[in-house]
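> Below, each chain spelled out in residue letters.
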Amino acid sequence: MKPIKKKRKATEMSLQITSMADIFMILLVFLLKNYAASITSIAPTTHLTLPEVLKANAQVQESLKVEISRNDVVVDDKPVLRLNNFSFEASETSSGDASPTLEHVFAHQRKLLPVPNLGSGLVVMADQQTPYSTLKRVVASAAGAGFVDLQLVVVETE
Amino acid sequence: MNVGESSSQEVDLNLAPIIDCFTVLITYLLVTASFLTLAAVDVGVSATGTAPTVDAGTPPMSMMLELKAGGDVSIAVQGGALSHEIDINVKALQNSTQDVSELESRLHQLQAKWPQITDVSVTADPTILYKNIVEVIHKVQAIMPKVYISS
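Chain order of the listed sequences is A and B. Numbered per the numbering used here, the first sequence spans residues 254 to 411. Numbered per the numbering used here, the second sequence spans residues 2 to 152.
The hints are simulated quantities; they were obtained by calculation from the structure and are not laboratory data. Incorrect hints may appear among the rest.
Simulated DEER-style distance windows between Cβ atoms [said to hold, decoys possible]:
{"no.": "1", "chain 1": "A", "residue 1": "T298", "chain 2": "B", "residue 2": "D73", "range": "15 to 21 Å"}
{"no.": "2", "chain 1": "B", "residue 1": "H85", "chain 2": "A", "residue 2": "K286", "range": "56 to 62 Å"}
{"no.": "3", "chain 1": "B", "residue 1": "I19", "chain 2": "A", "residue 2": "A360", "range": "32 to 38 Å"}
{"no.": "4", "chain 1": "A", "residue 1": "K286", "chain 2": "B", "residue 2": "A82", "range": "51 to 57 Å"}
{"no.": "5", "chain 1": "A", "residue 1": "D350", "chain 2": "B", "residue 2": "V25", "range": "29 to 35 Å"}
Computed from a predicted structure; not experimentally measured. Ideal placement from N, C-alpha and C gives every residue a C-beta, glycine not left out.
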């Protein structure tokens with residue numbers, strides 16, 4: 254007796270991925286658009302809790318960035334000064350309202366600008382617990398080097 | 002030769018590699034995306050110094066806000082035709098924070114009375130926290146757009 258050969262039915266399963274590709278394309282365009290318009294370059298480098306504000310009126314512009322955290326003052330993404338729980342060391346508070354180290358750093362940053370006499374903008378990202386005395390000293394140091402148009406970065410809430 | 006026989010060829014685009022690329026790209030974008038909306042409050046820096054010794058005529062009207070330690074806010078208006086400085090004290094709330102709504106209404110009254118005042122200088126007690134300063138500046142800016150921080 255001849256063995257009966259069962260003919261296997263060749264059924265090709267094909268996943269319909271065209272619609273999936275469509276969804277991915279839309280998602281990708283949305284994310285890329287968001288990414289391009291996002292403020293990744295001004296994201297804080299240190300651990301900061303920014304103050305919250307209901308509907309702020311200005312967009313953050315690209316300019317020199319200074320961050321004030323509990324332990325550091327960071328200028329242009331480089332830590333330049335140590336703070337002790339938001340307080341300056343004694344050597345930084347001895348000469349007037351400004352900090353000598355920060356004055357030097359800001360003066361150096363001004364020289365690095367393409368046109369040193371133009372561009373007085375400064376993006377300030379300070380922790381919400383920063384006392385006014387610390388903020389004032391940083392602002393005075395920046396103002397001494399000509400950075401007088403401040404942008405206080407806040408988190409916008411609905 | 003097969004005349005009239007239609008050669009129906011199904012062209013299938015292979016989407017799998019594209020999907021792979023998309024998956025990797027979307028994952029990367031989602032991980033690195035920042036969903037916080039950052040904005041800015043624009044302020045200028047006002048210089049503090051000694052008063053000029055030479056009489057340069059009548060100084061223009063100016064307004065100064067001082068955030069005090071207990072939460073009180075002092076508003077000082079001087080210059081212009083005023084013969085003396087006007088001081089207004091906005092009392093703090095029960096929890097020693099600034100009464101921002103009361104401050105807003107006082108500023109509206111002052112602006113209605115002296116529309117020539119367009120800028121405000123803000124100063125604070127050394128212990129006042131940045132978040133309170135920003136909150137006050139933000140509210141003041143809605144009424145008087147030019148706000149300066151005393152350096």
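> Would you list, in rising numerical order, the hints stated earlier that this structure does not obey?
1, 3 and 5
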